[in-house]
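Please build the complete structure, drawing on both the sequences and the hints.
Here is how the chains run, residue by residue.
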Amino acid sequence: MKKTGGLLNGMVTRRSVLKGGAAVAGVTAVTGFPTVWAQNLKDVTLMHTGMSYSTLPDIARQATEDLGFKVEMSVVDHPGLLNRLVQDPKSLDIADLEIWQSKVAVPQGALQGIEIAKIKNWGELTPLYTEGTFGGKEASRQGDSPFEYIYREGMDTNGFASGVTEWANFCPGVYNADTLGIRPDLVGREISSWADLISADFKGKTAIQNIPTNGIMDAMMACEAAGLLTYVDKGNPTQDELTATIAKLIELKKDGHFRALWSTFDESVNLMASGEVVIQSMWSPAVTSVKAQGVKCVYQPLKEGYRGWGNGLGMLAHLEGLKRDAAYEYLNWYNSGWVGGFIAKQGYYSSNPASAMAALSENERGFFYEGKAATADITSPTGEKTNSAGEVRDGGSYEERFSKVAVWNNLPDEAEFLYAKWNEFNAA
Amino acid sequence: MTPAPSSRSMLPTYLQVAPLTVVLTFFFIIPVGLVVLVSFFRYQMLVGIVPDFTLKNYVDLLTNPTTWTLYRSTLKFTLIVLAITFVLGFWIAYFLVFHVRNLLTAIGLFLVCTVPFWTSNIIRMISWRPVLGKEGLINTALLNSGAIDRPIEWLLYSDFSVIVAYVHLFTLFMIVPIFNSMARIDKSLLEAAVDAGATRWGVIWNVVLPLSKTGIALGALFVVTLVMGDFFVVTVMSGGLSGSATSGIFNDLQFLNYPRAAANAVILLIIVLLIAASIFRLVDVRKELVR
Chain B
1 MKKTGGLLNG
11 MVTRRSVLKG
21 GAAVAGVTAV
31 TGFPTVWAQN
41 LKDVTLMHTG
51 MSYSTLPDIA
61 RQATEDLGFK
71 VEMSVVDHPG
81 LLNRLVQDPK
91 SLDIADLEIW
101 QSKVAVPQGA
111 LQGIEIAKIK
121 NWGELTPLYT
131 EGTFGGKEAS
141 RQGDSPFEYI
151 YREGMDTNGF
161 ASGVTEWANF
171 CPGVYNADTL
181 GIRPDLVGRE
191 ISSWADLISA
201 DFKGKTAIQN
211 IPTNGIMDAM
221 MACEAAGLLT
231 YVDKGNPTQD
241 ELTATIAKLI
251 ELKKDGHFRA
261 LWSTFDESVN
271 LMASGEVVIQ
281 SMWSPAVTSV
291 KAQGVKCVYQ
301 PLKEGYRGWG
311 NGLGMLAHLE
321 GLKRDAAYEY
331 LNWYNSGWVG
341 GFIAKQGYYS
351 SNPASAMAAL
361 SENERGFFYE
371 GKAATADITS
381 PTGEKTNSAG
391 EVRDGGSYEE
401 RFSKVAVWNN
411 LPDEAEFLYA
421 KWNEFNAA
Chain P
1001 MTPAPSSRSM
1011 LPTYLQVAPL
1021 TVVLTFFFII
1031 PVGLVVLVSF
1041 FRYQMLVGIV
1051 PDFTLKNYVD
1061 LLTNPTTWTL
1071 YRSTLKFTLI
1081 VLAITFVLGF
1091 WIAYFLVFHV
1101 RNLLTAIGLF
1111 LVCTVPFWTS
1121 NIIRMISWRP
1131 VLGKEGLINT
1141 ALLNSGAIDR
1151 PIEWLLYSDF
1161 SVIVAYVHLF
1171 TLFMIVPIFN
1181 SMARIDKSLL
1191 EAAVDAGATR
1201 WGVIWNVVLP
1211 LSKTGIALGA
1221 LFVVTLVMGD
1231 FFVVTVMSGG
1241 LSGSATSGIF
1251 NDLQFLNYPR
1261 AAANAVILLI
1271 IVLLIAASIF
1281 RLVDVRKELV
1291 R
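Taken in sequence, the protein lines are chains B and P.
Numbering follows the numbering used here, with no gaps: position 185 of the first sequence is 185.
Numbering follows the numbering used here, with no gaps: position 128 of the second sequence is 1128.
Among the clues, some could well be false.
Stated by the list, open to error - So, partial list: chain B residues that the calculated Cβ filter (under 10 Å) puts toward chain P: (1) V75; (2) V76; (3) P79; (4) Q87; (5) P89; (6) S91; (7) A207; (8) S263; (9) G275.
It should be emphasised that the hints constitute simulated quantities derived from the structure, not laboratory data.
Glycine included, every Cβ here is placed at the ideal spot set by N, Cα and C.
Written out as structure tokens, the structure reads:
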């Protein structure tokens, strides 16, 4: 294995991936792949497994075309991914994990260290992941920020390093800053705070996500903004803080405040598009999807800031030899432009903003990343119109958005307590 | 069973029961055995199961008010749905068997009852949303006719919508066995009852109902097990606001708490078996079926 690996690595170095990627601007920014020349490479199949919002068949199709070996996508839900990582790790090769999920996967030894030297574009990746900063300032550390979990000491040390090392637990993937989605035509007033999620004005017209780790964040943001509760660290609430928050949620639920609790992406789209709710927890592609149906929907920036989240691509521990080389190829390709351009249109950001911007048209680049008004219609990845010329993206530019991340999605120390409490909320 | 005279003559008997025994062993006894086994294992946060012998899962569940709330809610849905599907199922079957004179028409109408089953469960359920929603058919019609000035909210994402979906999904399971029982009733019995001076209701009460009880029992068994085992309909139609015993199991699985989910499954299994046993005590289905 070592022999093959060495030979192939030499080849990777000779063909500079970066040069190839950077030289070509425009929609097809990806060249220079594949760089592993093995006769049997075409027989390799990589199974990329992750959640529905980022595990997109279009990405697998393009990767298979560009890389010369097969990439397949398998969609699971949040617990499903953890389940597979722990119980059946051989059934997947690349895990598209949320940062907090690495807190389970890494100590379990499900992943192997990624040698950063083999990720050619590592230096171009966003410092949000690689250095824990954004725009030269330290990014929020409330919750599980990507930087705190990305590094490990060595290939087989299944833990987290406190600073920058040569080895990564995962390669940066897509990420975003979440906020509330609203129906501007139906809310009837200005929405500027997370407190509006629990405001009596919207009784019976709101929904909250029924995913405990995320839902509790939205609830805490709302309770704190409304001045009902205070938290020492929303990224790691105590039992008392959780008890108080859930008590408030149950009170609201019994009072008929929530029209529904949604667990899947499409449920949130239906609730919003049908007018059942006018303000709710939402994910960015869901907003895009509502707009693609011709319904007005805004991903409303709020004064308390955003709830940030990020994904990372982890290499499963069982990968070796040719398959591992292919996995490195794939990770290099993933942040080389095409994916960044594709996911930008559903509202997410690429860990390699420069290459993603190069893969977008000037109009799209201005709209999605630079906070400029669209000069022509903006379309979703599937081609439906989502914004008209003249409109500006909610939340402004990439810099403006990410400088306002208040807290990151996380797996708190009291997670088991949270789950028990959340069940009470569900059953209430 | 009579004692075997010799092992040789028993061989065909063993061979005859072997296929079913193998199937039941692999697909029923072993899985249920595993569930029972895992229910005594220990749970480690987000890692899953650790072999052990502990009663903690059962103690946790039985002392947790959330479990009781969920079972209460499930039992409530079960009873309401049972009552509605029985009334509907009985009268539809009665109509098909005793009022439709032409056998071909009866079979045709019976097939019409199965039309909703030509699409998937999910579609039949989701399609209620545009009917019951705030901007749905019913609300729009009522608003436009001036009967109401604000949309009725309890039509969707409520216990009401859950029951509507259950009744829609499960009534056929009541119709089929009752239809089957009624079709076996000798029509001359009804004529004899009328000749003997029974009223129309008297015939139904004293002749049709007792002779249909096998079908009613089987239908009730279907409906009870379907409703008690459901979490999807209740989650989707209540918009996540109501739960069921099974949704408790589902929630535990979300956090890889297999031991507690298994313990919960065992409890649910015991309750359903008790209900089934009491139904069979009321009606000796085996005797009735070979009648």
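Each hint tested on the structure:
{"no.": "1", "hint": "V75", "result": "violated, 16 Å"}
{"no.": "2", "hint": "V76", "result": "violated, 12 Å"}
{"no.": "3", "hint": "P79", "result": "holds, 4 Å"}
{"no.": "4", "hint": "Q87", "result": "holds, 7 Å"}
{"no.": "5", "hint": "P89", "result": "violated, 13 Å"}
{"no.": "6", "hint": "S91", "result": "violated, 15 Å"}
{"no.": "7", "hint": "A207", "result": "holds, 7 Å"}
{"no.": "8", "hint": "S263", "result": "holds, 6 Å"}
{"no.": "9", "hint": "G275", "result": "holds, 5 Å"}
Violation of the numbered hints given earlier is confined to hints 1, 2, 5 and 6; the remaining hints are satisfied by the structure.
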